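Chain residues, written in single-letter form:
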Amino acid sequence: MKYLGAALIFFACLGAGTSRALEMRRRVRILRGLTAALEVMKSEICSRLSPLPQAVEAAASGAPAELAAFFASLRRGEADIGDRSFSDIWGAGCRETLPALGERELAALLGLGASLGRYAAEEQGQAFDACAAILGGALRTYETALSGGMRTAVGVWAALGAMTVITLF
Amino acid sequence: MDGLERAAALLPPDMRPAALSAADAEEFRLRSGRRPAYLSGDAETELDGCRAVTPEDLDGVLERATRASVHSAQSSLKNGFVTVAGGVRLGVCGSVILSDGAPAGIRRLSGAAVRIPRQVGGCCDGTFPALTDGGFKNTLIISRPGGGKTTYLRELIRRLSDSGARVGLADERGEVAAVWNGVPQFDVGRRTDVMSDAPKAASAEMLLRSMNPQILAMDEITAPGDVEAVFDSVGCGVKLLATAHAGSWNEFCSRRLYRAIVTGRIFKRVVIIEANGGARSYSVEEKP
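Respectively, the protein sequence lines represent chains L and U.
The first sequence begins at 1 in this note's numbering and counts up one residue at a time.
The second sequence begins at 1 in this note's numbering and counts up one residue at a time.
No wet-lab data here; the hints were simulated from the structure.
None of the values given here were measured: they were computed from a predicted structure.
Among the hints, erroneous ones may be present.
[To be verified] For the chain L half of the interface with chain U, some residues (derived, Cβ under 8 Å), not all of them:
(1) Phe11
(2) Asp83
(3) Leu110
(4) Ala114
(5) Tyr119
(6) Ala121
(7) Gln124
Ideal Cβ positions, reconstructed from N, Cα and C, are used throughout, including at glycine.
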């Protein structure tokens, strides 16, 4: 019984470490996907003057699975344009489907949403650039942390588990 | 969805029921700080039970009209209007953005006019035989603003096109065919080719070069460039069909802009539309 309890504590800590590491990896994938998707949207809007639903569609077609729910919520929301502003639809999509993002990244996306479709292409281009700068900065930070941090995170949590077991028994 | 419903759908949600109850509305008028109104004939009436329009309401109207894609409509917005699905036309006014001295867009909207599209089938039935007697000739349609020129022109184009003529339509403001996503929202006939959103002279030249029209139609000759388009086209072997603002032929002749057209005897037939209240009367005059 004693050994079973010790094993449970150790593996719980190991699991927590692994989960944190995977979450970090997922966040990086989301940020990479978002950065690429926003680049596509910017090209569609600023270079081709495509209507927003078309720009969203173009961005969605190459987006990773982590962003599927986000683009699905935008598509659903497009039917409500007229009763809701696109900025509301975009904001709701970000809040509901991208909880892995940090506050700063989320605020950058919401700021972009306030400009999308409302202004001339050039002004929207500037909003895309501002958002991309923040997302890009966050992405670099997470990537750096991820490159050395994944094993460390798992190791630290595993060590914490081992120490707890030793202390208790 | 009919024209009234499409037009009402552009308004703020709380104003739509009142707008839908204005069955005889020809246009909805929204001015910042004022209650919304509708236009019927010459009379403007406030919509019942509506609050005053705010600048945010006007932004919302534009967002709905462009399907949240103001950038896609920028080329027509700089001329002060946007064509919407179903042929509804949204005119806007506000602070004009200038680029190299020319309008490049509008911001801080202060007012909007939502024009309700109507295709009045049969409005040229009475005059069609006179206009095609001995073959179609260069024809000018005149009336006062809001007299129904565009509606008449659209119907005449449809009749001419469906009776076998190849018609090229230079639809600078998108009011005649109201092309939206590449599809004319009004029936302009089976053999009509539409060039939209470019100045008439440029559209006419492109149509002549690429579509080989037999009749070249254009709405509202209002600027020196439009008169040039008339002269450029007339020597190319096509028949012209155009409209202009004037209450009568004499009034048309008295305007300096049109002097060259009159002295050049370009138009051989003139359709005069007179509005008496809601009813319109149409007459055809032959010119030497």
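Hint check results:
| no. | hint | in the structure |
| --- | --- | --- |
| 1 | Phe11 | violated, 50 Å |
| 2 | Asp83 | holds, 6 Å |
| 3 | Leu110 | violated, 16 Å |
| 4 | Ala114 | violated, 12 Å |
| 5 | Tyr119 | holds, 6 Å |
| 6 | Ala121 | holds, 4 Å |
| 7 | Gln124 | holds, 6 Å |
Comparing the model with each earlier hint shows violations of hints 1, 3 and 4; every other hint is respected.
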